[in-house]
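Student: Chain A is fixed; fit chain B onto it per the hints.
Protein chains: 2
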Amino acid sequence: MSFDILQEKILAFENPTVVGLDPLPDYVPAHIMDKHITEKGETLEAAADAYAEYNRALIDALCDIVPAVKPQSAYYELLGHAGVRALKETADYAKSRGMYVIGDVKRGDIGSTAEAYSAAYLGDVTIGGRALAPFDFDAVTVNGYLGSDGIRPFLDTCKARDKAIFVLVKTSNPSSAELQDQPVGGRKLYDVVGDLIAELSKDTLGRYGFTRAGAVVGATYPEELAALRRRLPSTFFLVPGYGAQGGSAQDVAGAFDGKGRGAVINSSRAIICAWKKTNNNGYDFADAARREALNMRDALRRAARFN
Amino acid sequence: MSFDILQEKILAFENPTVVGLDPLPDYVPAHIMDKHITEKGETLEAAADAYAEYNRALIDALCDIVPAVKPQSAYYELLGHAGVRALKETADYAKSRGMYVIGDVKRGDIGSTAEAYSAAYLGDVTIGGRALAPFDFDAVTVNGYLGSDGIRPFLDTCKARDKAIFVLVKTSNPSSAELQDQPVGGRKLYDVVGDLIAELSKDTLGRYGFTRAGAVVGATYPEELAALRRRLPSTFFLVPGYGAQGGSAQDVAGAFDGKGRGAVINSSRAIICAWKKTNNNGYDFADAARREALNMRDALRRAARFN
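If you read the sequences in order, they're chains A and B. Under my numbering, think of the first position of the first sequence as 1, with each following residue one higher. Under my numbering, think of the first position of the second sequence as 1001, with each following residue one higher.
Warning: the hint list may mix true and false statements.
Under the rule of at most 30 Å between Cα atoms (straight-line distance), these lysine-lysine pairs were calculated in the DSSO-like manner [to be verified]:
{"hint": "1", "chain 1": "B", "residue 1": "1202", "chain 2": "B", "residue 2": "1277"}
{"hint": "2", "chain 1": "A", "residue 1": "95", "chain 2": "B", "residue 2": "1040"}
{"hint": "3", "chain 1": "B", "residue 1": "1095", "chain 2": "A", "residue 2": "40"}
{"hint": "4", "chain 1": "A", "residue 1": "188", "chain 2": "B", "residue 2": "1040"}
{"hint": "5", "chain 1": "A", "residue 1": "9", "chain 2": "A", "residue 2": "40"}
{"hint": "6", "chain 1": "A", "residue 1": "95", "chain 2": "B", "residue 2": "1088"}
{"hint": "7", "chain 1": "A", "residue 1": "35", "chain 2": "B", "residue 2": "1088"}
{"hint": "8", "chain 1": "A", "residue 1": "202", "chain 2": "B", "residue 2": "1188"}
{"hint": "9", "chain 1": "A", "residue 1": "188", "chain 2": "B", "residue 2": "1095"}
Calculated directly from the structure, the hints in this document are not laboratory data. Fair warning: this is a prediction, and the values are worked out from it, not measured in the lab.
Just chain A, with the same shape it has in the complex (with noise of 0.2 Å):
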């Protein structure tokens, strides 16, 4: 099953981290993004060739320590449609490289708008007489304000295809208290969403005692993060928020159970932007990336223990 494929690799690589592809025109080191300016001039489509070569190498860099990478879609989205062909290039590359794939679309809306959503993200679509898959991702992010209609198409082609998905549920912003720490009876609104996903999901356990719909909880709200753990022992958390928003290895250590399983950390800017901070014009960023990906690592292994 999609998380058990994720905690396998987690497992292998002692590392539960999964390392944000979030690029913007400047975390590009200029000697890449002049290149393709060259090329293409100065065009949404040279942007988007910067960004596929520069997660190319950062994937080269990081496959055989990290299991997994999730490209953010905002930011390919800021350059159009190419930004999007290069969005499709880099999971391609990274699932050929052995790693899973998490597309952070944070989609959601009504049933037959989900069905889309879910068929293009995870599935596939039929033209004249063939089927395709536009990005076939491991898994993708959902937003659950919709309720249950909007989250189970996602689930249907889960099941249908091997695939995953996490709602939010307690985001690591510092306003996700404004809505989601709403009471409501004896709950916080976030608990309500934590428990509707559990119980649609609960068909669909793995050989890990997971469900294919995991949470995003943030590392930012640690005490949080361990109540909901708790909470929701089957489902797999997707943790943002290490790193440059402020969280930390002890912060996140209460997102694993007790056999240090089901939670995977997310880091982007800490990890794809180490290089501005080695004073080499961005000549060493993949090295720069790995050995900040490695630091999180270790970091990781000394608040808790992955087997």
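Tutor: Using the frame of chain A, we list chain B on its own:
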């Protein structure tokens, strides 16, 4: 201001309709799809070209009677980057024919990512020394589950670029109550979201008295719709759920203020698939769409006055 422009188009046409351009492969008449498959094979590119052609003809047939279109991004993303190209071509063509374009993307994320989404859909990105607008929609839909961090970056772009947003408040789908109707103190959660966007946008009033932060409120919950109209007098409403989803002209009458202003009503399938009921194999799809759009306009005129 952005909603002033929309309101003026609505008043000029005496028609508060937005047509959802939400294609699927079998919504496109066979003679169009087959032509493109003959040219480019059974590919995502062929289907995307077919969508673009279908949409252009729909826009031509509607642009003198309907003020706005709302392409639902999911259906374009289902064709990968080729579909996203067709989305951009569709939006550009609709604007060239004088229509207001609402990108139904329902994005929502943490602050830095919300900035990327708002720049992508409403603003621009600088590549080298050149500012490029990837989509340049007039307005987009936003999911507010992350709280004000996820909404403010869109409002900042709205102010800088004269754009607008619609935040999901009470959606049209059957399960929308599961989270949105949860009681929070003396309010429903959807009231909390509505009050939040009214507060965040209160310094952005336009000539007709509406702010840049509109709300999505479904036609399928007419009582809640009328109550939200009273609660949020300065909030422009985007009302999905008319037609194929079951909402009637009477159901949406409560969306308008005393002058018949402040709301736009969406219909998608009932208009763009009207050809399926005429037994002409889709050769009359544009005429059938126009006829159905006129029926909807006339039904809305009977239910409310727009002046």
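Student: The structure should be examined with respect to each hint, and the outcome stated for every one.
Tutor: Hints, verified against the model:
1. B:1202 x B:1277: violated, 45 Å
2. A:95 x B:1040: holds, 27 Å
3. B:1095 x A:40: Judged against 30 Å, a Cα distance of about 27 Å means the pair holds.
4. A:188 x B:1040: At roughly 52 Å apart (the allowed maximum being 30 Å), residue 1040 of chain B and residue 188 of chain A break the hint.
5. A:9 x A:40: It is violated: about 38 Å lies between the C-alpha atoms, which goes past 30 Å.
6. A:95 x B:1088: Holds: residue 95 of chain A and residue 1088 of chain B sit about 29 Å apart, inside 30 Å.
7. A:35 x B:1088: Measuring from Cα to Cα gives roughly 27 Å; hence the hint holds.
8. A:202 x B:1188: holds, 28 Å
9. A:188 x B:1095: Between residue 188 of chain A and residue 1095 of chain B the Cα gap is close to 44 Å, so the pair fails against 30 Å, i.e. violated.
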